[in-house]
Amino acid sequence: ETGVTQTPRHLVMGMTNKKSLKCEQHLGHNAMYWYKQSAKKPLELMFVYNFKEQTENNSVPSRFSPECPNSSHLFLHLHTLQPEDSALYLCASSQEVFQGRSTRGYTFGSGTRLTVV
Amino acid sequence: DQQVKQNSPSLSVQEGRISILNCDYTNSMFDYFLWYKKYPAEGPTFLISISSIKDKNEDGRFTVFLNKSAKHLSLHIVPSQPGDSAVYFCAASVPDFGNEKLTFGTGTRLTIIP
Numbered sequence: 001e002t003g004v005t006q007t008p009r010h011l012v013m014g015m016t017n018k019k020s021l022k023c024e025q026h027l028g029h030n031a032m033y034w035y036k037q038s039a040k041k042p043l044e045l046m047f048v049y050n051f052k053e054q055t056e057n058n059s060v061p062s063r064f065s066p067e068c069p070n071s072s073h074l075f076l077h078l079h080t081l082q083p084e085d086s087a088l089y090l091c092a093s094s095q096e097v098f099q100g101r102s103t104r105g106y107t108f109g110s111g112t113r114l115t116v117v
Numbered sequence: 001d002q003q004v005k006q007n008s009p010s011l012s013v014q015e016g017r018i019s020i021l022n023c024d025y026t027n028s029m030f031d032y033f034l035w036y037k038k039y040p041a042e043g044p045t046f047l048i049s050i051s052s053i054k055d056k057n058e059d060g061r062f063t064v065f066l067n068k069s070a071k072h073l074s075l076h077i078v079p080s081q082p083g084d085s086a087v088y089f090c091a092a093s094v095p096d097f098g099n100e101k102l103t104f105g106t107g108t109r110l111t112i113i114p
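Here the protein sequences line up with chains Y and R, keeping their order. Note that the working numbering numbers the first sequence so that position 104 is 104, with each residue one more than the last. Note that the working numbering numbers the second sequence so that position 45 is 45, with each residue one more than the last.
Simulated from the structure, these hints should not be mistaken for lab results. Note that this is a predicted model, so its numbers are computed, not measured. Backbone N, C-alpha and C define an ideal beta-carbon position, used for all residues, glycine too. Any given hint could be a false lead.
[To be verified] Selected chain R positions facing chain Y (in silico; Cβ < 10 Å):
1. S8
2. L11
3. Q14
4. Y32
5. S49
6. E58
7. G60
8. T63
9. P82
10. F89
11. F104
12. T106
[What the hints assert, rightly or not] Computed list of lysine-lysine pairs in BS3-like fashion (alpha-carbon distance at most 25 Å, straight line):
13. K71(R) to K41(Y)
14. K54(R) to K41(Y)
15. K5(R) to K40(Y)
16. K40(Y) to K101(R)
[As the list claims (entries may be wrong)] Calculated from the model, a selection of chain Y residues having no Cβ within reach of chain R, i.e. all distances over 12 Å:
17. K18
18. K19
19. A31
20. L43
21. E56
22. P69
23. N70
24. F75
25. E84
26. T107
27. S110
28. V117
So here's chain Y without its partners, still in its complex pose (with noise of 0.2 Å):
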């Protein structure tokens, strides 16, 4: 248990479906992001979360729709998603070091696993 928690650990979905991934940690850390892992690709990020705010959007598409209630819980709501969305999503936390940098980058959740139907 890395302290990043992230349910559910599969998930199946049509592609007319509504569904969301939640990810929570229990660091104290103030960031939080969104990453996609698709087979030999670079982990991709989508989103990114400093104190509540979404700082990043990487040209992710609308259908990939975040959520950060408060500097704990990161959701990712997903909906009308394509067969090509499927992949892993990793959820990862860091406590962002204004006068310098976190040296152990990112706290990563086992992630969840996503096929699109």
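Dock chain R against chain Y, hints included.
Then chain R, alone, in the frame of chain Y:
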């Protein structure tokens, strides 16, 4: 355009030998580099990092070397153990204080042969 590249998708090494994983980058603004290790069904976990002001950082069996002129870094594991079998990701970041974003490579699958 991939700014962090791991050109070897897989590597097999005999137990007890040295494993060397390589990573190249194109963005000269990167000033901090990290290696992550990922087991199946788990998220990546931090392994070791290096700042651009250094050319070497060591932590037990793991050593990371940075060659800034070649925009190349490598992770050495010695001696390699069966538990080291995993996918290793190289990552890099630019000095954007307060909004750290990591750029990852595609990963190298390391298999340690007993």
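Cross-check of the supplied hints:
Interface restraint check for S8(R): the shortest CB-CB distance to chain Y comes to about 13 Å, outside 10 Å, so the restraint is violated. Contact between L11(R) and chain Y, as hinted, is not supported at the beta carbon level, the nearest pair being about 16 Å apart and thus beyond 10 Å. About 26 Å separates the beta-carbon of Q14(R) from the nearest beta-carbon of chain Y, more than 10 Å, and the hint is not met. A hinted interface residue such as Y32(R) counts as satisfied when its beta carbon comes closer than 10 Å to some beta carbon of chain Y; here the least separation is about 6 Å, so the hint holds.
At about 6 Å, the closest approach between the beta carbon of S49(R) and any beta carbon in chain Y falls short of 10 Å, and the interface hint on this residue holds. Restraint check, E58(R) versus chain Y: the minimum CB separation of about 15 Å is more than 10 Å; hint violated. Restraint check, G60(R) versus chain Y: the minimum CB separation of about 16 Å is more than 10 Å; hint violated. The criterion of a C-beta within 10 Å of any C-beta in chain Y is not met by T63(R), whose closest approach is roughly 17 Å, and the hint is violated.
Taken as an interface hint, P82(R) does not check out: its beta carbon lies about 22 Å from the nearest beta carbon of chain Y, beyond 10 Å. The beta carbon of F89(R) is positioned within 10 Å of a beta carbon in chain Y (closest approach about 7 Å), and the interface hint is therefore held. About 4 Å separates the beta-carbon of F104(R) from the nearest beta-carbon of chain Y, less than 10 Å, and the hint is met. Interface restraint check: T106(R) against chain Y, minimum CB-CB distance 5 Å, threshold 10 Å, status holds.
The suggested pairing of K71(R) with K41(Y) holds, with an alpha-carbon distance near 21 Å, which does not exceed 25 Å. Restraint check: the Cα-Cα separation between K54(R) and K41(Y) comes to about 29 Å, which exceeds 25 Å; the hinted pair is violated. A hinted pair counts as satisfied when its Cα atoms are at most 25 Å apart, and K5(R) with K40(Y) qualifies at roughly 12 Å. Note on K40(Y) and K101(R): the hinted pairing holds, with a Cα-Cα distance of about 21 Å set against a maximum of 25 Å.
For K18(Y), the requirement that its beta carbon stay farther than 12 Å from each beta carbon of chain R is met, with the minimum near 25 Å. Chain R leaves K19(Y) outside its interface by the beta-carbon criterion, the shortest separation being 20 Å against a cut-off of 12 Å. With a cut of 12 Å on Cβ distances, A31(Y) falls inside the contact zone with chain R, its closest approach being about 7 Å. At roughly 4 Å, the least C-beta separation between L43(Y) and chain R is not larger than 12 Å, which violates its mark as non-interface.
The claim that E56(Y) is not at the interface with chain R is violated, since a C-beta of that chain comes within 12 Å of its own (minimum 7 Å). At the 12 Å boundary, the C-beta of P69(Y) stays outside the reach of chain R, the nearest C-beta of that chain being 20 Å off. In this structure N70(Y) is separated from chain R by more than 12 Å, as the shortest Cβ-Cβ distance comes to about 19 Å. Remark: the non-interface label on F75(Y) is consistent with the geometry, its nearest Cβ contact in chain R lying 17 Å away (cut-off 12 Å).
Consistency note on E84(Y): stated as away from chain R, and its beta-carbon is indeed over 12 Å from all of that chain's, at 18 Å minimum. Not every Cβ of chain R is farther than 12 Å from the Cβ of T107(Y); the closest lies at roughly 7 Å, contradicting the non-interface assignment. Once the 12 Å rule is applied to beta carbons, S110(Y) is inconsistent with being away from chain R; the minimum gap is 5 Å. Annotated as non-interface, V117(Y) keeps its C-beta farther than 12 Å from every C-beta of chain R; the closest such distance is 21 Å.
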